[in-house]
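First to last, the protein sequences are chains A and B.
Here the first sequence stands for residues 462 to 757, where the numbers follow my numbering.
Here the second sequence stands for residues 6 to 309, where the numbers follow my numbering.
Since the hints were made in silico from the structure, they are not lab data.
From a predicted model like this one, the values you see are computed outputs, not experimental measurements.
Heads up, some of the hints might be wrong.
Claimed, not checked - The list that follows gives simulated cross-link-like pairs (lysine to aspartate or glutamate, EDC-like), each with its CA atoms no further than 16 Å apart:
1) Lys273/B <-> Asp661/A
2) Lys679/A <-> Asp623/A
3) Lys273/B <-> Asp719/A
4) Lys25/B <-> Asp82/B
5) Lys273/B <-> Asp665/A
6) Lys273/B <-> Glu581/A
7) Lys237/B <-> Asp181/B
8) Lys237/B <-> Glu182/B
9) Lys25/B <-> Glu54/B
10) Lys679/A <-> Asp254/B
11) Lys679/A <-> Glu624/A
12) Lys237/B <-> Glu276/B
So the chains spell out like this:
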Amino acid sequence: MIAFASAIVDPEAYRRFAGPGIARVAEPDSEILAYAAVGTVCRGYNLLLEAAARLSGLEALVLVDPRLELTDAALCATIRTVLADPAVAVVGWAGAAGSRTIAWWDGELRCAPVEVRHDEHGGGRLPAWPWAQRIADPVVVDAVDASLLVLSPWAVATLRFDESLVQGIGHEVDLCSRVRAAGRTVVVAPVRAVHHRALDVVADPELWVQGHRRMADKWDESLHGELTPEQWRRRARRAEAERDAARTLAYSNALQADAHVLELERELAELTSSRSWRATAPLRAAAQAVRRWRGR
Amino acid sequence: MAPRLRRRFPMIAFGCSISKPEVFRRCALAGIDRVAEADSPRLFRPANEPIARSYNALLDQAAGLVDLEALVLVHQDAELVGTGFCAVVRDALRDPSVGLVGCAGAVGVRSIAWWEGSVSLASFVNRYDEYGGGDLESFSWRWQDAPPWARVGEVETLDGFVLVCAPWVVRHVRFDEELSRFDGYDLDFCLQVRLAGRRVVTADFRAVHHRRLEMLPDPENWIEAHIAVADKWEGRSPGLGAEPGDWRDRALRAEAERDLARAIAHTKAIEQRARAAHLERALAEARGSLSWRLTGPLRALTRR
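So here's chain B without its partners, still in its complex pose:
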């Protein structure tokens, strides 16, 4: 009797905190509709700042669900795609030591810029609207094209845009509401889960992240979060907030590297401007050519 009940009631819940209902409907809801099971509870709440508060409310709500197998926290602009999502989640959580599962993560992480670590899985697409729109496929979006370091398995942190929480995590761990408005909440949560003795892993599922190409819309808040996470975790998690040298060495080295990164950004901006100018010239030449102008009426006819 008991085994049958277990098969019937366990369920994977989906949670989302919503500040833009249209984005939520188009992205997160579309994905949840695609991958959820008929009995999957859906926990959708209006967003509160910081995101940690919204997510804690979702965790509190999910903690009350009997027979919860997992809570999938999805950003409103993240769309789960592909088939078998729930099976992949169940498979990853079969190991009771696993606390969190995601589709993008890294090891060797020293700060909230986790992508500066050794990223081992990034199974998502960044779908953007700018410049006519397009998809930027991350490196393990297609296994056949993935580099040798692409693998599922244990990581130090996950990208927070899709976070699958094990029931134990839902009941025992909470996001740090004091840390920042948004940035770094995912790394901090992964560190808490690991500190509590649970593992953080990647699994083979996929998502489309519908977002602008701009990665740091608010650099000052991001910098504050970077400092807050480093201050909180240095000495408590190996490598976090740590760099070689004394504080003076670190300051001067980081200032040099900061200015170098900015100089490289300037170079790239100038180079791209030159590339764009080259293409714009080619386009203008083509459009200004006699043959293009002569065949204009033909193209207009074809368009009709």
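This is chain A alone, in the form it adopts within the complex:
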């Protein structure tokens, strides 16, 4: 039996997205654990893990973010195929290899055909992680996106989320790191879904920096070994330079993107201020009225 679970902060989001998605892809015997969120995401997820661990015949636990809408009717079949390999402990829809921090997306990013639907800028749809390589088959990665975490029975029985993390920031990376440390694997599988979310990658920058530090304190020595003072000096110099480069590149990219948007705005303004556009305004108003009338 494949169980589905959500820690719900925003009931409306669950009603609109996760709930219908789970109903669409779950099997008749699937358990659905919809719990109110308690404390940090780690505490809420641990509550769900405890509940799932008590279920008999569990094949997998699917932790679903309330804003993720599962649309893949074949999800359960995909999960069974991927978890047929007993080494696989965590499955997600996006993930990456090569990053050593909570910014897992800075690694070699792989992504299933998942779409993001956003309300900003007039609303719209974009491919999730637009620059990621799309996958057709399961791929082993180091960490996966937290919005969908499919856990094997071993993971449900053995692992718990680290409640000491700052606001749970990096909980998915921490869990995946422990999975890999235990000799198991983390996989991105080609599952379809729609993520209804804001476009920002990091919601609270200062908190995120604290979370990053906490994770580094926890994992750094096992990743890098014990460093000498000179090694720390070199690493600090490099990081400070990379940070300033990243800030400058961010600024530079924003300038380029602004210029592109400006070009489109100019084009649109030219078009809508043209004499022919203005002359035909009554025609469009009439057409709009007809459409509205038909739509009643």
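Given the coordinates of chain A, work out where chain B should sit on it, guided by the hints.
Leaving out everything else, chain B in the frame of chain A:
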């Protein structure tokens, strides 16, 4: 007799190191033609890497000029604009403690990313060709729109795209050729001038920087230069290469801030993609509308 001679011979020289002659003609030369005086020497040389070597060659050449008032080093893609440039330079250099003058600079600088410091003057336009072209005006391009912190005066570093060197600097200071291919040479030069007891100031002149919007075409070289400048100057210039905490703290904090900057860049990229998609949809809708298609022949006639 002597005062008259001084009035006649002192001159402001202009120097440029050229790797793209067409860009030089269109930008730097056009600007120099606009602001130079009839007797201004023009020192133009093919570029050598690193830029420090090319600029040192220009300094050596200028050092031999008798009655030099200033050497204006201009990037080949920088175009000096406006009137009274030479008067502004003379005015700034009237104070003998001034070694360098520019039109963009900052205080509180800790690395070659001087724009991360407190920028006090940025009187230039970034003119770009991408996306149909355009001008990005820096904050003090127009005084009437400038923020309260915009001012001319002493700074720690200047943007190297236009550097006015006092005669003393031309004779006594040289760019560090070991430091990097390009990045950070301007900050290092300003630090050397300040270490030698001269002041670095901004002045009220303007330039157009004809350049792409991309600010770091070669991030790896830039990172190497950042490290080299920090290693060279930490402890010799207050604040340079310094951050709070021990090296471990600094490393972990900077790694977090680096990843945050990248995450913010990702967010911005996604947001701009969404904004562009929104506008592209609006354009497609407008162009696909019956009224636009019906009036197509009319627009074609107007274009003729």
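Hint by hint, here is what the structure shows:
Between Lys273/B and Asp661/A the CA atoms are separated by roughly 8 Å; this keeps the pair inside 16 Å, and the hint holds. For the hint linking Lys679/A to Asp623/A, the alpha-carbon distance of about 11 Å falls within 16 Å, and the restraint holds. For a cut-off of 16 Å, the pair hint linking Lys273/B to Asp719/A stands: about 10 Å separates their Cα positions. Pair hint Lys25/B plus Asp82/B holds up; C-alpha atoms about 9 Å apart against a cutoff of 16 Å.
Between Lys273/B and Asp665/A the alpha-carbon distance is near 15 Å, which keeps this suggested pair within the 16 Å criterion. A distance of roughly 12 Å separates the Cα atoms of Lys273/B and Glu581/A; the hinted pair therefore holds under the 16 Å criterion. Between Lys237/B and Asp181/B, the direct Cα distance comes to roughly 11 Å. Compliance with the 16 Å bound is thereby established for this hinted pair. For the proposed pair Lys237/B and Glu182/B, the alpha carbon gap of about 13 Å is at most 16 Å, so the pair holds.
For the suggested pair Lys25/B and Glu54/B, the alpha carbons sit about 13 Å apart, so the restraint of at most 16 Å is met. About 14 Å separates the Cα atoms of Lys679/A and Asp254/B, which keeps this hinted pair within 16 Å; it holds. Under the criterion of a C-alpha separation no larger than 16 Å, the hint pairing Lys679/A with Glu624/A is consistent with the structure, at around 13 Å. Pair hint Lys237/B plus Glu276/B does not hold up; C-alpha atoms about 39 Å apart against a cutoff of 16 Å.
Violated hint: 12 only; the structure is consistent with all others.
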